[in-house]
Amino acid sequence: MSVTSPQGHAPSRRPASRSGLREGRAAWALALPFCLLFLTFTVWPVIQSLFMSFTDTRSRDLKTPFAVNVVGLDNFAKAFQDPLFLRSAANTAYFVLVGVPLTLVLALAAAVALDRGITRLRAVFRLGFYLPVITSIVAVAVVWRFLLQDEYGLINTVLGWVGIDGPNWLGDPDWSMPALILMAAWRNFGTAMIIFLAGLQAVPWSLHEAAAIDGAGAWKRFRYITLPLLRPTILFVSVTTGIGYLQFFEEPYVMTNGGPLNSTLSMSMYTYRQFGFGNYGYAASVSYIIFVVIAVVTAIQFRLLREKD
Amino acid sequence: MRRSSAIVVATIATTALALSACGRDGGSASGATTEGKDVSSGKATGTITVWAMGAEGEKLPALAKEFEAANPGAKVNVTAIPWDAAHDKFTTAITANKTPDAAMVGTTWMGEFAGLGALDPTPPSIDKSQFFEGAWKTTEVDGTSYGIPWYVETRLLYFRTDLAKKAGFAEAPKDWEGLKAMAKAMQTKSGAKWGIGLQAGGTGSWQTLMPFAWSNGADLTKDGGKAYNFDTPEVQEAVKYYQSFFTEGVSDKAAPATPTTEPDFASGKVPMFISGPWMMSAVEKVGGAGFKDKYSVAPMPTKKTSSSFVGGSDFVVFKNSKQRDTAWKFVQFLSDPKTQVKWYQQSTDLPSVQSAWEDPAISSDPKLATFGEQLKTAQAPPSFPTWEQVISQFDTELEKVTKQGADPAAALKTVQQQAESIGTGGQ
Amino acid sequence: MIGTRKSSGHWWLYAILTVCLVAVISPFVWMVLGSFKSEGELRQSPPTWWPEAASLDNYTQLFSRLDFGTYFANSIVVAIVVTAGNLLFCSMLGYALAMLEFPGKRALFVIVMATLMIPGVVTFVPLFVLVANVGLIDSLPGLILPFLVSPFGVFLMRQFIMGLPRDLLDAGRVDGAGELRIFARIILPLCGPALATLGILTFLGSWNNFLWPLVVAQTEDTYTLPVALALYSKGQNSTNYGLLLAGATVVVLPVLAVFLAFQRRFIEGIATTGIK
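Protein chains in written order, with numbering that gives the first Met the number 0: chain W, 0 to 308; chain C, 0 to 426; chain F, 0 to 275.
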């Protein structure tokens, strides 16, 4: 069915085609439940929404989905001409380029510290670092607003001790984004951390022991044993965090509502507002622009972090 | 190779066919006002489903029981839905034809839902003069009325009476100069950091600004109510006045998106703000015992008149309701002055029916009475389906005006241009 | 456990981690403490830490006003079924994509990854119309079926299983085991940490899902916990913070329980057989 399957050009390491057939059948048996549910509840709505993005559908037209004008690429062109959309795209890029590495570094550091660095109280730290992920965003917002307060906020107070006059974080268009990046990294590194912990379990301690006997220090062991074996996990975390951050919505929605002066408006918020206005065709097209961006960024990550076997 | 290219060709052909089948019909008749079909007399029968949001949804069943008692054979099933994302719930339900018989609907959603063809016009047997005029306007879309205003709210000036006295003001400001003078005096003489808390643009800031524009006689529509009308001298004057609070250091232009209004009001840091009736219990909770004597509310200062924003919720019947008769009888029940008073006592929602305000339960509270006075002149924004989108442009421009000192005239020109390109969304 | 490493010499690491921990859990602690405060106290600025007069008012209000049992039951049933479905079906497909060769493999993987990258908001309304047309509105299956499998789960299992040695497969085949048996008996037991992770994340996502249960339910009997809590804590113009925090604290407890139960699998891990 697919022209890209290597089945036809299989190297001679594959045994006789009969077991290849058995393998293929077993694979499709395993894939079937997923595919059925997926086709119905995911692929069909996607096709519908993709169609909408090429039309001028508004909310009143959803009952009669074909009584709309097909406008081709007009919606997409309109998006690129809207300075608000371009601003939201720039904001999102800023957020992702700084936020993803920051989150990953924090998560990996925490995972390694918990897996190898300490022996006691691991469960306590594991749970503690994961708590931000499950704490209600309302509580998170109240505490962070207090932290970021201009006059009596904790961050500016601490900065004041070393003589720095901290900015009005949430009220200043230049500092609102860094504040949100910090908050997002804080909130999400727990998820990445537990995935790294799962991946670290797959690194056999025997390898570390052998290397230690050969005289390799902790950092060398980390670089040459742990990191390479962790590649598939790093790829996964990087891709999923990237996908999540490219669609960041909750933090700016709750903390700053996209302000001040649209400095924290994300592409997802922009899309959400357009859906709220009833511009379904336009909002669908913006969603698919976001999709293309995500796909490109993901493809780049796959390239950079590809499995080398 | 051939199989896959055949599939590709087939897909393209099908898509092309489907796309060519699309297209809108020519425009339908526009703007003819429709009158609702009348409702039968006699008792109601049958079961209706009703959606109501938040605390109202919680308390409505008790009231509905009285309706059921008066109309044996009728049953009202109330489903309470959260305010959070209630708008999305309504729009998706309308899309999939899964609407209830009747529902309570936020006033700013009326234009959109009527534009979707989802609502049933109000029958002539319901007397519109019993309601506040501004409140009734919230039910009017394109000349036709849908549903009734159920409860209302409006925006007044809240101010600390003790701090005002300290600053040398024994009563509320009566005009625009007076408001600014009092705010400034509170900063210099009563230790306030900011004289008055005004929203510096951003989402929803129009609800604080428009009362000034309306008090200056602005009309947000033109051409007989068929188009937006932002770029007028009246609105411009109001925006200039609003901007002056920020440029003269009376209001904080760097206030966070989630304001700390209640603690600031209680501590005296920001002793004035503009808001609705729900803030009374909020500031009293923070202010503690005895705080209710330390503040008061006053109508918007007069320029040409004193006007404010009227909001609240309307009660509508959906067009594809199968129990239309019973639903409208329930609506009629809700608009009865005695029911309105009862509802106030259960929910503290302000009645939309004017005669209900004469009841001692409401008229005895002086602060509430002030809300009642303002409601007589309060106005509603135009109920075009594109209102939300257009006014968000206004909020964005207002933010530039207050935070960056942009020129109000230029800002309003931009808003008007965008409003015209977006259009009113009417048929 | 980890041999001859000096576990005491890392006191500085413990110190740093503890400071980080305190910083990280402070909003959670504030949330729990806040659920015992009064409305007025919750609106103070700057926010207070310890309750001035701790009371159970918010909780008594929460449990008396809400039909808690129904909403909790709905949430639990939906979350458990969705988690179980994902653990099973995603690992099946993840294994196939990671280790087996079959026609359409690459295309399937690309499609799965593609849908992972599509913003959920764009398919929301078409999905709702579809669910309405097949008559699943206002029912638990309507809450469960669209989420029973997820591309995220497939991706996670695929990446993890790719890290397992392929020799296991050949060893199994040499022993005469069927493909499905190899999956069930050899591969799956080694997936402990990945399944635990997927289980936690899926449960969390399903448990906190708000928008979909809100639009699918037509009567309050089908509400899940997040929907019911939003109902009672948010007004048109104001929020009841006390109820909101009490609700948030109650809602977080099952997730904590699931996390604590599953995370033991991290320790057991694969210090087990199979890896040469």
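It is worth saying that the hints were derived from the structure and are not from the lab. Bear in mind the structure is a predicted one, so any value in this text is a computation, not a measurement. Warning: the hint list may mix true and false statements.
[Said to hold, decoys possible] Beyond 12 Å from chain F on every Cβ pair, some chain W residues (computed):
hint, residue
1, 22
2, 34
3, 44
4, 72
5, 148
6, 153
7, 160
8, 171
9, 174
10, 186
11, 243
12, 245
13, 285
14, 294
[Unchecked claim] SDA-like mimics (lysine to any residue), calculated; alpha carbons at most 20 Å apart, straight line:
hint, chain 1, residue 1, chain 2, residue 2
15, C, 321, F, 131
16, C, 97, F, 38
17, C, 284, F, 51
18, C, 173, C, 335
19, C, 399, W, 84
20, C, 412, W, 260
21, C, 321, C, 40
22, C, 402, C, 207
23, C, 252, W, 262
24, C, 375, C, 364
25, W, 219, W, 104
26, W, 62, F, 128
27, W, 77, C, 422
28, C, 58, F, 67
29, C, 284, F, 138
[Unchecked claim] Here chain C is said to cover these stretches of chain W; the calculated rule only asks that three of the stretch's residues, wherever they fall, bring their Cβ under 8 Å from a Cβ of chain C:
hint, region
30, 59–71
31, 164–170
32, 224–234
33, 252–264
Backbone N, C-alpha and C fix where the C-beta goes; we use that ideal spot for every residue, glycine too.
Hint by hint, here is what the structure shows:
Chain F draws residue 22 of chain W into its interface by the beta-carbon criterion, the shortest separation being 5 Å against a cut-off of 12 Å. The claim that residue 34 of chain W lies off the interface is violated: its Cβ sits roughly 8 Å from the closest Cβ of chain F, which falls inside the 12 Å cut-off. Remark: the non-interface label on residue 44 of chain W conflicts with the geometry, its nearest Cβ contact in chain F lying 4 Å away (cut-off 12 Å). The beta carbon of residue 72 of chain W sits about 17 Å from the closest Cβ of chain F, which is more than 12 Å, so the claim that it is off the interface holds.
The non-interface label for residue 148 of chain W is inconsistent with chain F: the shortest C-beta to C-beta separation is roughly 7 Å, within 12 Å. Its beta-carbon lying about 10 Å from the closest one in chain F, residue 153 of chain W breaks the requirement of being farther than 12 Å from that chain. At the 12 Å boundary, the C-beta of residue 160 of chain W stays outside the reach of chain F, the nearest C-beta of that chain being 16 Å off. Residue placement check: residue 171 of chain W keeps its beta carbon more than 12 Å from all beta carbons of chain F (closest about 19 Å).
No beta-carbon of chain F is positioned within 12 Å of the beta-carbon of residue 174 of chain W; the least distance is around 20 Å. Here residue 186 of chain W does not stay apart from chain F, with its beta-carbon only about 9 Å from theirs, under the 12 Å limit. For residue 243 of chain W, the condition that its CB be more than 12 Å from all CB atoms of chain F is violated, with the nearest at approximately 10 Å. At roughly 9 Å from the closest C-beta of chain F, the C-beta of residue 245 of chain W falls inside 12 Å, breaking its exclusion from the interface.
The claim that residue 285 of chain W lies off the interface is violated: its Cβ sits roughly 9 Å from the closest Cβ of chain F, which falls inside the 12 Å cut-off. Distance to chain F contradicts residue 294 of chain W as a non-interface residue, since its nearest Cβ pair spans about 5 Å, not more than 12 Å. At roughly 19 Å between alpha-carbon atoms, residue 321 of chain C and residue 131 of chain F fall within 20 Å of each other, so this suggested pair holds. Between residue 97 of chain C and residue 38 of chain F the alpha-carbon distance is near 37 Å, which puts this suggested pair outside the 20 Å criterion.
For a cut-off of 20 Å, the pair hint linking residue 284 of chain C to residue 51 of chain F stands: about 14 Å separates their Cα positions. Among the hinted pairs, residue 173 of chain C with residue 335 of chain C is inconsistent with the structure: their alpha-carbon atoms are about 35 Å apart, more than 20 Å. Straight-line distance between C-alpha atoms of residue 399 of chain C and residue 84 of chain W comes to about 17 Å, which keeps the hinted pair within the 20 Å bound. Only pairs whose Cα atoms come within 20 Å are accepted, and residue 412 of chain C paired with residue 260 of chain W is accepted, the gap being roughly 19 Å.
Restraint check for residue 321 of chain C and residue 40 of chain C: satisfied, since their Cα atoms lie roughly 18 Å apart, inside the 20 Å limit. A threshold of 20 Å between alpha carbons decides the hint, and for residue 402 of chain C with residue 207 of chain C the separation of about 16 Å falls inside it, so the pair holds. A hinted pair counts as satisfied when its Cα atoms are at most 20 Å apart, and residue 252 of chain C with residue 262 of chain W qualifies at roughly 15 Å. As the CA atoms of residue 375 of chain C and residue 364 of chain C are separated by approximately 17 Å, the hinted pair is consistent with the 20 Å bound.
Between residue 219 of chain W and residue 104 of chain W the CA atoms are separated by roughly 17 Å; this keeps the pair inside 20 Å, and the hint holds. The hinted pair formed by residue 62 of chain W and residue 128 of chain F meets the criterion: a straight-line CA distance of about 9 Å does not exceed 20 Å. Proposed proximity of residue 77 of chain W and residue 422 of chain C is supported: the alpha carbons are some 16 Å apart, at most 20 Å. Restraint check for residue 58 of chain C and residue 67 of chain F: satisfied, since their Cα atoms lie roughly 18 Å apart, inside the 20 Å limit.
Restraint check for residue 284 of chain C and residue 138 of chain F: the C-alpha separation of about 41 Å exceeds 20 Å, so the hint is violated. Check result for the region 59–71 of chain W against chain C: holds, 8 residues qualifying (beta carbon to beta carbon below 8 Å, three or more required). Closer than 8 Å: that is the beta-carbon criterion, and the region 164–170 of chain W has 3 residues meeting it against chain C, so the requirement of 3 holds. Using a Cβ-Cβ cut-off of 8 Å, 0 residues of the region 224–234 of chain W lie near chain C, which falls short of the minimum of three, so the contact claim is violated.
With 8 residues carrying a beta carbon less than 8 Å from a beta carbon of chain C, the region 252–264 of chain W meets the three-residue requirement, and the given coverage holds.
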